[in-house]
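The hints should help you fit chain B onto chain A, whose structure is shown.
In case you want the letters, here they are:
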Amino acid sequence: MAKKILVADDEPDLVKMLSMRLRAHGYEVIAAFDGLQAVKEAYKEKPDLILLDIKMPAGDGYTVLENLKRSVQIRSIPIIFVSALPPSEVEEKVVQLGAQGFISKPFDSKELIARVKKVLGE
Amino acid sequence: MEKDNIEELILQPDLARVFFAEEEEEEASIVVSLKDITERTKIEQMKNEFIASVSHELKTPLTIIKEATDLVVDEIPGKIVEGQRDILTTAQENIDRLSNIINSLLDISRIESGKLKLYTKPVNMSELIKNTVSDFKYLAEQKGILLDYKVTQDKVDISCDADKIRQVLVNLIFNALKFTSQDGRIKVICNENGNEVIVSVQDTGIGISEENIPRLFDRFIQFGREPGPGEKGTGLGLAISKGIVELHKGRVWVESKLNKGSEFYFSLPKLSS
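Residue numbers (my numbering), protein chains in the order written: chain A, 4 to 125; chain B, 1376 to 1648.
Misleading hints may appear alongside valid ones.
To be verified - Quick list of in silico lysine-lysine cross-link-like pairs, DSS-like style, CA-CA up to 30 Å: (1) A:Lys43 - A:Lys6; (2) B:Lys1518 - B:Lys1490; (3) B:Lys1624 - B:Lys1645; (4) B:Lys1422 - A:Lys96; (5) B:Lys1530 - B:Lys1496; (6) A:Lys113 - B:Lys1624; (7) A:Lys49 - A:Lys96; (8) B:Lys1632 - A:Lys96; (9) A:Lys58 - B:Lys1417; (10) B:Lys1492 - A:Lys96; (11) B:Lys1454 - A:Lys7; (12) A:Lys120 - A:Lys49; (13) B:Lys1635 - A:Lys113; (14) A:Lys113 - B:Lys1454; (15) B:Lys1553 - A:Lys113; (16) B:Lys1512 - A:Lys121; (17) B:Lys1417 - B:Lys1505; (18) A:Lys72 - B:Lys1492; (19) A:Lys120 - B:Lys1454; (20) B:Lys1454 - A:Lys19; (21) A:Lys113 - B:Lys1518; (22) B:Lys1632 - A:Lys58; (23) A:Lys96 - B:Lys1496; (24) A:Lys6 - A:Lys120; (25) A:Lys121 - B:Lys1553; (26) A:Lys113 - A:Lys96; (27) B:Lys1410 - A:Lys96; (28) B:Lys1422 - B:Lys1624; (29) B:Lys1553 - B:Lys1512; (30) A:Lys6 - B:Lys1454; (31) A:Lys58 - A:Lys6; (32) A:Lys121 - B:Lys1505; (33) B:Lys1632 - B:Lys1553; (34) B:Lys1632 - A:Lys121; (35) A:Lys113 - B:Lys1512; (36) A:Lys58 - B:Lys1490; (37) A:Lys72 - A:Lys19; (38) A:Lys96 - B:Lys1624; (39) B:Lys1422 - A:Lys58.
No wet-lab data here; the hints were simulated from the structure.
Keep in mind the model is a prediction, meaning the values are calculated, not measured.
Next comes chain A alone, as it looks inside the complex:
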């Protein structure tokens, strides 16, 4: 069965592009456009991985992560942050918070897919 990836970003165009890429690699994609929706979808769909933007309305990426880590059911879902914030300000913080890593926007799609595969153990 195809692995499920939740893409949470407040830019619908980016979600659309990223979804196309991920589907082409055989993944099922669920989209969320704000923090609240991201949390809801994570509980409902229990994805195998979450690609999470940081600056989002209704709860930024950090809030989403903290919320998910509180639940025993879904705290083990790996999270990769994808953000335009400078790596020097973010990278260390996201790892401390328990995320699997950080990808800087604009990203290299080959690198992004490689990171996704690695985290999914493929």
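Showing chain B alone in chain A's frame:
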């Protein structure tokens, strides 16, 4: 000029003049004048914040454009013909160029506003040089340039932010490659001098005229830029390199002769043991 709130002003030493005693009963005196740079500093701060926020906002649409172009080139929506691939490859190259400009602007605004943080740890400088040089081997070979390095010892420990010092090396090697023609030679040299390590990138390129040297490390300064195709810089690489090295309490300088070549140096303090 009199001001009540002198403590709140940002002052910069401007002129100092020493008056020597000419006759026995006279006293020697020193007059120092200070320049009020409060307003200028505030404007600089505003400018840096403006650059940082605009650059950040530019990244989002750029990410979408990049991924959209990559999707088509990777033929995910469907097959494309060679002519379309050519055009889109040009678009990709320019997207990367724009991305570099935005990152450079962010770097320079962070350096100037003192917001660039260093993550220092012990680093083997010889190793860093070897690895960076080897990353450029292919590009150098393609341009018919001999690129190598000379380190005095295999292990030269310094305390620095490895990513940022690598960025300085990349900037210098990249510049050397840009301004050196076929059959030229580039050498990265590492020497120890007392409490510091001195790294230099030496080339046999076009060189820099003496009058241009003082402005070389300024922002948006580009010399020897040729019209037409080829690598275009941002004019920020050397200013960023200088900023990074100075944050490490090091220095940058250059020696150059027109049509003979250049040697760019930077020094970094060694590990205090």
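Review point. Does Lys1505 of chain B lie within 30 Å of Lys1417 of chain B when you go C-alpha to C-alpha?
Key: At roughly 43 Å apart (the allowed maximum being 30 Å), Lys1505 of chain B and Lys1417 of chain B break the hint.
Review point. Is Lys58 of chain A close enough to Lys1490 of chain B, meaning Cα to Cα at most 30 Å?
Key: holds, 20 Å
Review point. Does the alpha-carbon distance linking Lys1454 of chain B and Lys19 of chain A stay inside the 30 Å limit?
Key: holds, 19 Å
Practice item. Could you grab the alpha-carbon distance between Lys58 of chain A and Lys1417 of chain B and see if it respects the 30 Å cut-off? Key: holds, 28 Å
Check your understanding: When you check the alpha-carbon spacing of Lys72 of chain A and Lys1492 of chain B, does it fall within 30 Å?
Key -> Holds, because 29 Å separates the two Cα atoms, which is no more than 30 Å.
Practice item. Would you mind confirming whether the straight-line C-alpha gap from Lys1624 of chain B to Lys1645 of chain B stays at or under 30 Å? Key: Holds. Lys1624 of chain B to Lys1645 of chain B sits at ~11 Å (cutoff 30 Å).
Point to revise | Straight-line alpha-carbon gap Lys1632 of chain B to Lys58 of chain A, limit 30 Å | key: violated, 50 Å
Point to revise | Pair hint outcome, Lys113 of chain A versus Lys1454 of chain B [Cα-Cα no greater than 30 Å] | key: Roughly 19 Å separates the two Cα atoms, so the pair holds.
Check your understanding: Holds or violated: Lys1530 of chain B with Lys1496 of chain B, Cα cutoff 30 Å?
Key -> holds, 15 Å
**Study point:** Given hint Lys1512 of chain B paired with Lys1553 of chain B - CA-CA distance at most 30 Å
**Key:** This hinted pair holds, its Cα atoms lying about 14 Å apart.
Review point. Within 30 Å, alpha carbon to alpha carbon, are Lys1553 of chain B and Lys113 of chain A?
Key: holds, 28 Å
Review point. Under the criterion that the straight-line Cα-Cα distance not exceed 30 Å, is the pair Lys72 of chain A, Lys19 of chain A satisfied?
Key: holds, 27 Å
Of the numbered hints stated above, those contradicted by the structure are hints 2, 6, 8, 13, 17, 22, 25, 27 and 34, listed in ascending order.
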